[in-house]
Amino acid sequence: MKKFISKIFVFIIFSGLFYIIFLFFWGSCMPSIFKPNINYTIGSYGHLYSRLDEVKNKKNIDILFLGSSHAYRGFDTRIFSEYNFESFNLGSSNQTPIQTKILLNRYLDQLNPKVVVYEVYPHSFMVDGVESSVDIIANDKNDLLSLKMAFKINNIKTYNTFIYGFIRDCLGLNKKFTESTKKGRDTYVSGGFVEKKIGYFKPREFEKKTIDLKQVQLESFSEIISELKKKNIKIILIYAPIPRANYNSYSNNIYFDKLMSDYAEYYNFNEIMKLNDSLHFYDADHLNKNGVSLFNKKLIEVLKNKE
Amino acid sequence: MRQILWGFFKKIVIADNCAEFANQIFNNSTNMNSSALILGAFFFAFQIYGDFSGYSDIAIGTSRLFGIHLMKNFAFPYFSRDIAEFWRRWHISLSTWFRDYLYIPLGGSRGNILMKIRNTFIIFIISGFWHGANWTFIIWGALNAVYFLPLLLTNKNRDNLEIVAQEKYLPTVKEFLSMSVTFILIIISWIFFRAENIKAALNYLFRIFSFSFFTIPKFIKTDKALVIIILIAFFIIIEWQGREKEYAMESFGQKWRRPFRWLFYSFIIFLIGIFMPSAESPFIYFQF
Numbered sequence: 112m113k114k115f116i117s118k119i120f121v122f123i124i125f126s127g128l129f130y131i132i133f134l135f136f137w138g139s140c141m142p143s144i145f146k147p148n149i150n151y152t153i154g155s156y157g158h159l160y161s162r163l164d165e166v167k168n169k170k171n172i173d174i175l176f177l178g179s180s181h182a183y184r185g186f187d188t189r190i191f192s193e194y195n196f197e198s199f200n201l202g203s204s205n206q207t208p209i210q211t212k213i214l215l216n217r218y219l220d221q222l223n224p225k226v227v228v229y230e231v232y233p234h235s236f237m238v239d240g241v242e243s244s245v246d247i248i249a250n251d252k253n254d255l256l257s258l259k260m261a262f263k264i265n266n267i268k269t270y271n272t273f274i275y276g277f278i279r280d281c282l283g284l285n286k287k288f289t290e291s292t293k294k295g296r297d298t299y300v301s302g303g304f305v306e307k308k309i310g311y312f313k314p315r316e317f318e319k320k321t322i323d324l325k326q327v328q329l330e331s332f333s334e335i336i337s338e339l340k341k342k343n344i345k346i347i348l349i350y351a352p353i354p355r356a357n358y359n360s361y362s363n364n365i366y367f368d369k370l371m372s373d374y375a376e377y378y379n380f381n382e383i384m385k386l387n388d389s390l391h392f393y394d395a396d397h398l399n400k401n402g403v404s405l406f407n408k409k410l411i412e413v414l415k416n417k418e
Numbered sequence: 123m124r125q126i127l128w129g130f131f132k133k134i135v136i137a138d139n140c141a142e143f144a145n146q147i148f149n150n151s152t153n154m155n156s157s158a159l160i161l162g163a164f165f166f167a168f169q170i171y172g173d174f175s176g177y178s179d180i181a182i183g184t185s186r187l188f189g190i191h192l193m194k195n196f197a198f199p200y201f202s203r204d205i206a207e208f209w210r211r212w213h214i215s216l217s218t219w220f221r222d223y224l225y226i227p228l229g230g231s232r233g234n235i236l237m238k239i240r241n242t243f244i245i246f247i248i249s250g251f252w253h254g255a256n257w258t259f260i261i262w263g264a265l266n267a268v269y270f271l272p273l274l275l276t277n278k279n280r281d282n283l284e285i286v287a288q289e290k291y292l293p294t295v296k297e298f299l300s301m302s303v304t305f306i307l308i309i310i311s312w313i314f315f316r317a318e319n320i321k322a323a324l325n326y327l328f329r330i331f332s333f334s335f336f337t338i339p340k341f342i343k344t345d346k347a348l349v350i351i352i353l354i355a356f357f358i359i360i361e362w363q364g365r366e367k368e369y370a371m372e373s374f375g376q377k378w379r380r381p382f383r384w385l386f387y388s389f390i391i392f393l394i395g396i397f398m399p400s401a402e403s404p405f406i407y408f409q410f
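So the protein sequences, as listed, match chains X and S.
In this note's numbering, each residue carries its 1-based index in the first sequence increased by 111.
In this note's numbering, each residue carries its 1-based index in the second sequence increased by 122.
Warning: the hint list may mix true and false statements.
Covered, in the sense of this in silico footprint (three residues per stretch, anywhere, with C-beta under 8 Å from a C-beta of chain X), are these stretches of chain S [claimed, not checked]:
(1) 341-352
(2) 384-394
Just some of the chain X residues that point at chain S, by a computed CB distance under 7 Å [stated by the list, open to error]:
(3) ILE123
(4) PHE125
(5) SER126
(6) LYS268
No lab work stands behind these hints: they were computed from the structure.
No residue lacks a Cβ here, since even glycine has one placed at the ideal position from N, Cα and C.
Excised from the complex, chain X in its bound form (with noise of 0.2 Å):
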């Protein structure tokens, strides 16, 4: 039995090194479709890596701004810049709670805010995070923290992703790497918005949903307002604008609502503002560079008449 247990233990440290080791050959040397599950994607959709390149150099500024594409898309730095608001936008693709706060604890104290503005979108806390946390661990440094996410979304997906991170950090082979502040229709504007060449949404229909939240989600998303509220620093809660007939396709947007008013103070603009589906919108989900205007200036009022 003592020789069976201690075989098995040694054979577990033997496989685990292979794993490791392996993996890191299989995915520099695999083409995608044989790795479904390392999703390493230095440079991705969204422009993160400038975005997190820009941010180490950024102290004590007067808005950070949090959340989904809906936030990175959403938040124009420049138009705050305008209304004497030093803002950076730390948005990124499909962010969910567990990533914010791994963005929090790593740039909160640097940054240093007077008031955060937290896009919350309902997707965002129904979903289990994996696309946002390979996101972030390709985009970012992996430390303790990366691990810890890890272990908290458990996805066989971020586990791989994270290992095969890990290890091109450790050999410093993202050193040379340098992301265009142009991809296809998007530009990344220094301050961490990316604006999209002004286009129009076609309407369409939706499918009815439900807002159904995860309940992992909503405990790192407790977890982060209480740090916030902890550090003093203001939260606004924003639910930023979708096309009409998209948010109306949600049956339970009161209940959203009503929990995420009992977090913080929170402002929910497709009640707040009236927008045009195809006018202001340049797909489903993310308002074009008109909508974005009009937005943002509703916005400053909103925070100029809080001041």
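We have chain X already, so just place chain S on it with the hints.
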């Protein structure tokens, strides 16, 4: 431990990945071309085998760790040369129970031709009914009875009792053809097993025999399906080399030095880690 590991590979890598395509194709069968439907049935055949035999391997292996010896439940059924052999190798625990407590008390293969036909249909139809109160399972059972009867009536149902291509690397052409025909018949019966209802199963079958038979399969993620086919090929090779044993990996690499053997086991673990689908997938047989 090897048996548990192989069971996990069957369930997670083979069954769960095949399920993605089998579900996609069966759920949209009216929009699929013939070649895609054939692939859908092929994927389902490996889904159900990987799922159930994987589950059995995990259970048997775990029991053995505690000194409990459970009976073998699958004996490489897709290497069968006829339907009778298939049923001696598929879900052995259930087949044995039906044989001992139903077929033999009914008279088994004794008596006149009509008795033999009656007993065969009863046992197969009840076996289908055991899977669920749906006509698809009844037809699946009846179809297997139809497959089985010619062998029984010509006394050929016990022709292939030994393991195929024993002590040889490859089967003979005749053996290969017999295995292929049996596999195709089994796949046809699985269509009834998987379909929502009889109409859907018949539609599925009729659509297979259409002009799109020779066209390239059209469904979502065909490139991923190709990877799954490569994994199935790897799976078949390991199963084939171990077909004379209790389970496929029982003797695989036994003559190798330990580090090489462990490398192979680690590679299996690695494949599980790389190809495990993100979404959880319960065992099919949990519903029966």
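Verification of the hints:
no. : hint    : in the structure
1   : 341-352 : holds (count 4)
2   : 384-394 : holds (count 7)
3   : ILE123  : violated (10 Å)
4   : PHE125  : holds (5 Å)
5   : SER126  : holds (4 Å)
6   : LYS268  : holds (6 Å)
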